[in-house]
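Q: Numbered by our numbering, the letters in the sequence shown go through residues 1 to 144 in order.
Mixed in with the good hints there might be a few duds.
[What the hints assert, rightly or not] Pairwise CB distance ranges (calculated):
id: 1; residue 1: 27; residue 2: 138; range: 16 to 26 Å
id: 2; residue 1: 111; residue 2: 138; range: 14 to 24 Å
id: 3; residue 1: 140; residue 2: 72; range: 13 to 23 Å
[To be verified] Calculated lysine to any residue pairs in the SDA-like style (CA-CA distance at most 25 Å, straight line):
id: 4; residue 1: 54; residue 2: 81
id: 5; residue 1: 76; residue 2: 46
id: 6; residue 1: 54; residue 2: 98
id: 7; residue 1: 7; residue 2: 93
id: 8; residue 1: 98; residue 2: 132
id: 9; residue 1: 12; residue 2: 99
id: 10; residue 1: 23; residue 2: 98
id: 11; residue 1: 76; residue 2: 66
id: 12; residue 1: 7; residue 2: 30
id: 13; residue 1: 108; residue 2: 54
Worth flagging that the hints you see were computed from the coordinates, not collected in a lab. In this text, a Cβ means the ideal position worked out from N, Cα and C, and glycines have one as well.
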Amino acid sequence: MNFSLIKDICEKAIEASDLAILKKCVSDVGSALGSDNIHKQKDHEYKNNYRFQKAVDYWSDAQLLLSCVDINELLKTISSTETDIGTYLENIVYDEAKYETIQDYIAKEFNNDIVRVNLDLIGGYCFENILEEINSVESGEGDC
């Protein structure tokens, strides 16, 4: 696995200010992880590594969030993610104490703009976690 390629893609996604760049990063990291091809996935050298599998879950959630066309769909989708995006957002609401709900947070911080929310959740949350998991895999963590 090309760890430096994956890290470069993650850094681009984290810095992305445009949805087109973010979509390309999601596609590129999927290819780099081998998740775009079932045959590569079955034979992947890290298929039994739980940290690698968590990275794939964050990638899967990034794809799922990209498919949302509006905030209502995103709010419904959050409950069916592989990772803890919902808990992450609930913690922001709880910790900040100036929002009543996740929907209130999104309305006030992002003006219900699905692009801005996706740039934050995918570019930030998903890719930052992919980067963390891949760094762990590279350092030898997560083997069963």
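Q: For each hint, tell me whether it holds in the structure or not.
A: Consistency of the hints with the structure:
1. 27 with 138: 16 to 26 Å: 22 Å, holds
2. 111 with 138: 14 to 24 Å: For residue 138 against residue 111, whose Cβ atoms are near 38 Å apart, the range 14 to 24 Å is violated.
3. 140 with 72: 13 to 23 Å: 43 Å, violated
4. 54 with 81: 12 Å, holds
5. 76 with 46: Given that 25 Å is the threshold and the Cα spacing comes to 32 Å, the pair is violated.
6. 54 with 98: Distance of about 31 Å is beyond 25 Å: violated.
7. 7 with 93: 30 Å, violated
8. 98 with 132: 29 Å, violated
9. 12 with 99: Cα-Cα ~30 Å, so violated.
10. 23 with 98: Status violated; Cα separation ~32 Å.
11. 76 with 66: 13 Å, holds
12. 7 with 30: 12 Å, holds
13. 108 with 54: 30 Å, violated
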